[in-house]
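Participant: Sequence:
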Amino acid sequence: MTHDHTGHDAAAHDHGSHEHHHHEPPAGATNLVTCPVMPGNQVDPAWAEKRGLFRDYEGTRYWFCCPECGPLFDADPARYANAA
1 MTHDHTGHDA AAHDHGSHEH HHHEPPAGAT NLVTCPVMPG NQVDPAWAEK
51 RGLFRDYEGT RYWFCCPECG PLFDADPARY ANAA
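Just so we're aligned, residue 1 is where the sequence shown starts under the UniProt record's numbering, counting upward by one.
Keep in mind the hints are simulated off the structure, nothing from the lab. Keep in mind that this is a model prediction, so the values were computed, not measured. It is possible that some hints are incorrect.
Here are the computed lysine to any residue pairs in the SDA-like style, where the Cα-Cα straight-line distance is at most 25 Å [said to hold, decoys possible]:
1. 50 / 81
2. 50 / 75
3. 50 / 72
4. 50 / 30
5. 50 / 67
6. 50 / 61
7. 50 / 68
8. 50 / 71
9. 50 / 32
10. 50 / 74
11. 50 / 39
12. 50 / 76
13. 50 / 40
14. 50 / 60
15. 50 / 34
16. 50 / 70
17. 50 / 66
18. 50 / 77
19. 50 / 31
20. 50 / 33
21. 50 / 84
Take these sequences, add in the hints, and give me the full structure.
Facilitator: Put into structure tokens, the structure is as follows:
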């Protein structure tokens, strides 16, 4: 299933309506970061790396909680990088 995020306000983004699974950080994970698109979601960078859920922007790597966050970040990387 694809999602149309045209004109989408990420602050109002509710992943609960999407048909995908969220990553639960592995027990004992100590290297968690926050998804820049969905700030309430913690991400294990190793988990995200294995799935290609990251972007590099201005020398910094950003990891995402789900596949939908990458395209949103791509649409306005400065917005999400500054919020991170």
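Participant: Each hint should be assessed against the structure and marked as holding or not.
Facilitator: Status of the hints after comparison with the structure:
1. 50 / 81: Distance of about 21 Å is within 25 Å: holds.
2. 50 / 75: holds (23 Å)
3. 50 / 72: holds (20 Å)
4. 50 / 30: holds (17 Å)
5. 50 / 67: holds (12 Å)
6. 50 / 61: holds (14 Å)
7. 50 / 68: holds (16 Å)
8. 50 / 71: holds (18 Å)
9. 50 / 32: Distance ~15 Å between residue 50 and residue 32 Cα, so the pair holds.
10. 50 / 74: holds (19 Å)
11. 50 / 39: Since the Cα atoms of residue 50 and residue 39 sit roughly 21 Å apart, the hinted pair holds (cutoff 25 Å).
12. 50 / 76: holds (24 Å)
13. 50 / 40: holds (21 Å)
14. 50 / 60: OK: residue 50 and residue 60 at ~18 Å, within 25 Å.
15. 50 / 34: Holds: residue 50 and residue 34 sit about 17 Å apart, inside 25 Å.
16. 50 / 70: holds (14 Å)
17. 50 / 66: holds (12 Å)
18. 50 / 77: Roughly 21 Å separates the two Cα atoms, so the pair holds.
19. 50 / 31: Holds, at about 15 Å.
20. 50 / 33: Distance of about 15 Å is within 25 Å: holds.
21. 50 / 84: holds (21 Å)
When held up to the earlier numbered hints, the structure conflicts with none and fits them all.
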